[in-house]
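Could you put the whole structure together from the sequences, leaning on the hints where they help?
4 protein chains.
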Amino acid sequence: MDTQVNKQILTRLRRIEGQVGGIQKMVEEQRYCVDILNQISSVRAALDAVGVELLTSHIKTCVIGHGSGQDHSDASVQTDEDLLNEIKLVLNRFLK
Amino acid sequence: MDTQVNKQILTRLRRIEGQVGGIQKMVEEQRYCVDILNQISSVRAALDAVGVELLTSHIKTCVIGHGSGQDHSDASVQTDEDLLNEIKLVLNRFLK
Amino acid sequence: MDTQVNKQILTRLRRIEGQVGGIQKMVEEQRYCVDILNQISSVRAALDAVGVELLTSHIKTCVIGHGSGQDHSDASVQTDEDLLNEIKLVLNRFLK
Amino acid sequence: MDTQVNKQILTRLRRIEGQVGGIQKMVEEQRYCVDILNQISSVRAALDAVGVELLTSHIKTCVIGHGSGQDHSDASVQTDEDLLNEIKLVLNRFLK
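Protein chains in written order, with our numbering: chain A, 6 to 101; chain B, 6 to 101; chain C, 6 to 101; chain D, 6 to 101.
In case anyone wonders, no lab produced these hints; they're calculated from the structure.
Put simply, identical chains are the same to the list, so a pair is met inside one copy or across any two.
Subject to a maximum C-alpha distance of 16 angstroms in a straight line, what follows is the list of computed EDC-like cross-link-like pairs (lysine to aspartate or glutamate):
1. K65 to E91
2. K65 to D85
3. K12 to E34
4. K12 to E58
5. K12 to E33
6. K30 to D40
7. K93 to D40
Computed from a predicted structure; not experimentally measured.
Here it is as structure tokens:
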């Protein structure tokens, strides 16, 4: 993962952590359920966006990077398959 | 929301906050993307579970509680409709 | 479920069925993956919308209707709990 | 998309089309909402699985295939970026 993506993702995760703290406060203050639920939807969307960022960064650096131009042995073709199966698993967990 | 549900939800939210902190650490330590993504899926599932808990608690206390047995005027029938529309909006945001 | 909601849901389901047929055609014609994926997202959103409609209709007729005003025995209080647990299960399956 | 994946995806889509038809019948027969909702969840999961299959197939043939070993000009690096942005958009629509 390149440094800039890394920083950006950390910033987002810190914000998400703060939002989760905010939701706790809302629960403690017995705020209206529907408002709390909307905040939860927001955090969920933010988490999904981080997931998509990470996944595309992964495809960029590990999957594309992996297949580019060096002289591969059969072993590495196998590994492309492995990387794709791994992505499939990740996506299935996400869309579960 | 009754006190026990409230406590349980706070406990879960604190755990989620901790998990988000853990994901930040993973990003800082440049851990393997796929492991980070799996952690994100986990937090997302935990958040969804909190959402479902809150929503059913809302239906129990506000929606069922609301409609039970007193002599209603038309105004309150209207409010049932409002509560349902609100739930529809919440669900649509969740499933967005 | 009241008749109007019923009709509306049937219309939507027929449209969804047609869209799934359309996606098959796209696959047969070897259309660009990304276009096919966008169609799948569309159908998924349409299905979710039907789900939300059905669920709110269920809450309206079974859950609110159920709790309203007759002289309940303890057994029926139990049944409110059952209905809520059922909704919880449904939501968890949906958000899985 | 290779022929085998293609066939497999068509088979799944036909099954999904049949399931949507089955849900219509359930609605017409006024079956219990919760049973209908569970069927909708099932179809949704099946659609997601098709989406994941298509997306990994796309990554395999278009993204990895694209970047492999030929002497690229800057223009093609640009195109890798385009492919990744496209995947990001697709994923965001899916997780919307």
